[in-house]
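A.B. asks: The residues making up each chain are set out below.
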Amino acid sequence: MAAITSISFLFPWVLTALLTLPLIWWLLRIVPPRPKSVIFPAIRFLYRLKKDEQSAATTPWWLLLLRLVIAALIILAIAGPILNLPEQRDSSGDVVMIVDDGWTAAESWNDLKATLNKLVQETTRQERQVYIVTTSREVEGRLPSLSPLADREALGIAASLEPKSWPSYYGDLSQLLPRLESLDNPEFIWLSSGILQETDIPDLEDFFTRLTEIGPLTIFHEESVIATPVIGVPSINSEKLRVPLNLPAGAAANEGVLTAIVDDGKIIASLPFTFLENETSAFVDLNIPNKIRNDIRRLEISNSRNAGSIFLLDQRWQRRQVGLVTSVSEQVDQPLLDEVHYLTQALTPFFDITRGTIEGLVAEDQSLIVLGDAANLPEGIERKLVDWIAKGGVLVRFAGPKLANSNGALVPVNLRSGNRSLQGAMSWNQPAPLGPIPQSSPFFGLSIPTDVAVNKQVLANPSPELLDKTWAQLEDGTPLVTADRQGNGWLVLFHTTATPEWSNLAISGLFVEMLREIGNLGQLTSQNFSSQRSLPPFQLMDGFGSLRSETGIAEPINTAEMEDLILDARHPPGYYGDENFSIAINIGQFEADYSVVDMGQFPATIRYFDRSAVVDLILPVLLAALLLVLVDQIVSLHLQGKLPALRTVSRAAALFIVIAASVNVMSVETSAQEADLDGDAKALAATLDTRLGYIRTHDSTVDRMSHNGLAGLSRQLRNRTAVETKDPLPIDIERDELIFYPLIYWPVTPDFPALSEQAILKLNDYFNGGGTILFDTRNQNNVGQFGPDLYNSPENIRLRQLTARLDIPRIHQVPPDHVVTRAFYLMQTFPGRYDGGDVWIEDTAGIQGNDGVASIVIGSNDWAAAWAIDADGRYQAATLPGNERQRELAYRFGINLVMYTLTGNYKADQVHIPAILERLGQ
Amino acid sequence: MFKPRRVSTQQLDDRVKAERLAQTLPPLILAAENLVNAFDMGVHGRRRAGTGEDFWQFKQYGPDDPTTSIDWRQSAKREHIYIKQKEQETAETVWIWRDTSQTMDYGSDRAEQSKLDRATLLSLALALSLSKSGEKFGLIGQAEKASTGPASFNRFVGRVSEIQSPSLIDLKFADQLSNKSTVVLISDFLVDPSEISQMVSHFVNLGCRGFLMHVADPVEADLPFDGRTRFLPMTEGDDITLGRVEVVRDDYQSLFNAHRQELLEIARKVSWDYSFHRTDAPASEAFAALYSALNIRGGKA
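As you go down the protein sequences, you meet chains A and B in turn.
Under this note's numbering, the residue at position 228 of the first sequence is numbered 235, and the numbers go up by one with no gaps.
Under this note's numbering, the residue at position 56 of the second sequence is numbered 572, and the numbers go up by one with no gaps.
Don't take every hint at face value.
As the list claims (entries may be wrong) - Below 20 Å or equal to it, Euclidean Cα-Cα: the simulated SDA-like pairs (lysine to any residue) are: (1) 43(A) - 768(B); (2) 43(A) - 763(B); (3) 43(A) - 626(B); (4) 43(A) - 753(B); (5) 43(A) - 743(B); (6) 43(A) - 760(B); (7) 43(A) - 638(A); (8) 43(A) - 762(B); (9) 43(A) - 740(B); (10) 43(A) - 754(B); (11) 43(A) - 750(B); (12) 273(A) - 294(A); (13) 409(A) - 364(A); (14) 575(B) - 589(B); (15) 43(A) - 623(B); (16) 733(A) - 692(A); (17) 769(A) - 816(A); (18) 785(B) - 707(B); (19) 43(A) - 756(B); (20) 43(A) - 741(B); (21) 43(A) - 624(B); (22) 409(A) - 348(A); (23) 398(A) - 371(A).
Worth flagging that the hints you see were computed from the coordinates, not collected in a lab.
All chains, please: the whole structure from these sequences, using the hints.
C.D. replies: Put into structure tokens, the structure is as follows:
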């Protein structure tokens, strides 16, 4: 009924034409259909018939009705029927539409836009002046635009409006009030997303209160507001990426899946989360190996399409790689005295550590190498290091007894020979605490713990540039960390040890942070975050969370002013920078609290979005009328007897349909008889008789071939052996139980769907329970294309993916003395439809259980095709290269395999029969 | 060029019509031969003495024999007087009239051929069998006298291919008809019975025997149409539209049968033969009726 009531007419007065229908009825009644004409020689007798028979025929009542319906439909079409026309409002005057186009509107944008379109259409139809005000601020301080729109303009805006990726600011709206007051009898409509920044709510309330003094306000919003959590700034916590999620206050309980997506769009992790009632924040811990974690480019909430449910990651969230120099032969007897131990501990939170020799690390192109206390380096190595630094590497060295007594090459500053001891038997100095960190240092801003003291250090020779090279110093101004820019890289020296031997710096938190900052240095080779640097917009997010390359009016951001950044049209979220280095700006990093607005607090009429589009019914109604006219024509022809064959045609058609249907049913019945068994019936069928099974690929050709192949093999088994196998059964890997089948044939197709967790468990159980699966990639004919091992053929790739998570022991090619080669027939090659493919089988030597039966056989010879027979017992596929011997061998392989799976190592033991008999005899 | 079949009452050009008829003749002649051969008449004489050309027997002179018939040469050779008798030859002449009016040129899809074709076939078959049995025959309207023999048949065929036979009314002007000849009228007789009656009495007055072969299309006999139908005449006249033909079918059939009855009555009164033939029935039926009625005898051996 709803559909009927939502039809309205553009020109309702045309409907009065329906009153003429009785007239049409009368007209149609007195004008009978054109008779058929025949030439008739004996017409003289007809003249003598009674005259009143002549006009006895009139139009049949149902034909009359049909024609009346046609007439009515045409009248309806002229009246302009329209579905879902918004209800007419008779008010006149200006209409101001305030459209919430902040990112919160993205989730309900379709409905919002549909409603807006309808409202604009309706308003323009009523010839009222339309104003459209968008609430997302273009630029801070600029007034939202309010200018009268021409009809077309308004429709264009309504059709092209897109949600922005920054939030709405309602604070600015009140500046419009003076101009709104000047409008003529205005009416206000607010299309709201239902989610606002909490700070905006008082402003908005105020604004609406004053607005209602000017004119009536109607609020449209989604019936149930879709609130998705905003992803906050993730933090890296040793092995985990911790992602905070914030749900707008007042949102309903929510659950979803957080996915991590790498550069090429692959999802590498997804974790579900749940918000209970009244819970607004949650954490999701993504436990991902470091190397992969570095590839993550964005976090997003599945199935959401708004900019807040996306968090872009830049280099700041990537864990750095660091090379730690260790000597190969080093034996760690006392780890607490070993600098590698301390460095490892300090680097682990922020770095992925690679250990190796200097040459190895340089060769690996590590961008950061940490070198403990070392004396003079061999010349060749030193030169390599210098080259590497010049290319952009960062070398971090630590002082120690060895360095103190070397001649001081490859250090940022000239060192005095020997070391300065601040505490000892011969010194009255106290261990020195750390002094303030120079402003030019990357460590600037780190808090300095008071309990860190230095007992020993190496000293730098005073020089004019020493101060510039100092990154950290002691209280007395002697440098503790010095650094020198060499080429594109840095050479950094800690003037103390990496062990607590000289200073307890190595076990302080500051040490870890210092290393982290140096790590930033190593990656952002030419970056310094705190320096003034302008990053141009690179890829910007739209309101739905998609990245776009066009930057529009966005302006570069200044790295120094990141703290004060406000999201607006000039600075939308997205990547800023270039492809080498970019910084991500996300909605989630701005601490704004969003909440679902209770619309009841505003003095306004509340309406819901109506997503049903306005549908013009003129064309469908006219088409229906045309169709009925065609029907009428056919019926008229029939009445005139001009379709003489109609009866025979329809009879023949009916007969044909019946025959076709019965043939269909018959064929379906025979083939579906066993294939479509389900549940218990299938389990019974599988258990009451010995049956082979095949995995259903949902490729009907392959499945049919598998079925017919196993049917052919079963027939040969019945003919030749004591194995009485019935018809094979298809197996849905996700649904059906496998354990009933001694042998399962699995044709691997390139598009075989990935296995679920459950299916993998089931398969592993099946293997453990003694089942055997014959994987057949059926692509031996593609050897020419993919090489003899078929490694890169799509089927083999799929096979590797499918079996990657199965418990599969080592497999090897079938050895010449394997039981399969003599379980029933003696044979050494195993051709199927194709010949020559290698057959791999699980290596059961040394494996206990399962009676020595391999659980996996893999080949590419397309055996099912060689075995396949149709209902009449004819072979369905030619063998290649092809002769009957090959088919015979294929059957023998199948029989051997079934025998092998059923009898286990019985045949293997037969080898020993003579020996056993001999022993028994004696 | 594709030309739709034209169903028209319009008069076709005479030449075209003649050609059309000539085209149908060879198969019709073949069919007529088949038809005639099916009636294995065997050729035989009357085997009695009579007035004829051929010798029949010598007979002893009796007192009632004319003296002029004595064969003196034979009598001189023998003891008694003999007269020479010749075999009896009846001067049976059959005149055939095949109606060629417009209504004859009608064949519905229920019939094997049109009425005209069937009438032509019957005429040819009759002529052929008469020719074989050595009786004279002719087509009413022809200028020649009735004759017999293969040449005569060929001439007959030529006549048949002529377009117009005289109409029923004009038959009275046909001369050449000798007394005591037999008239075979093949027509659909879609005319007023009084006209037929008039014509029959004309022939009877001439002393002719006759045969009315009434040919009708099954459609004419049954009126097998349904629903609203407009009937168009083949000759001049108004068309007529019937709302529901099935309602008047019985009335029509009784009218048609009454017409047949009337024809039968006309024939019976003057002891002519009448036969009704539907074109969906085999032609042999009609021919059999003709054959037996005319009592066609075989020719000489």
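A.B. asks: Please flag the earlier hints that this structure goes against, numbers listed from lowest up.
C.D. replies: none
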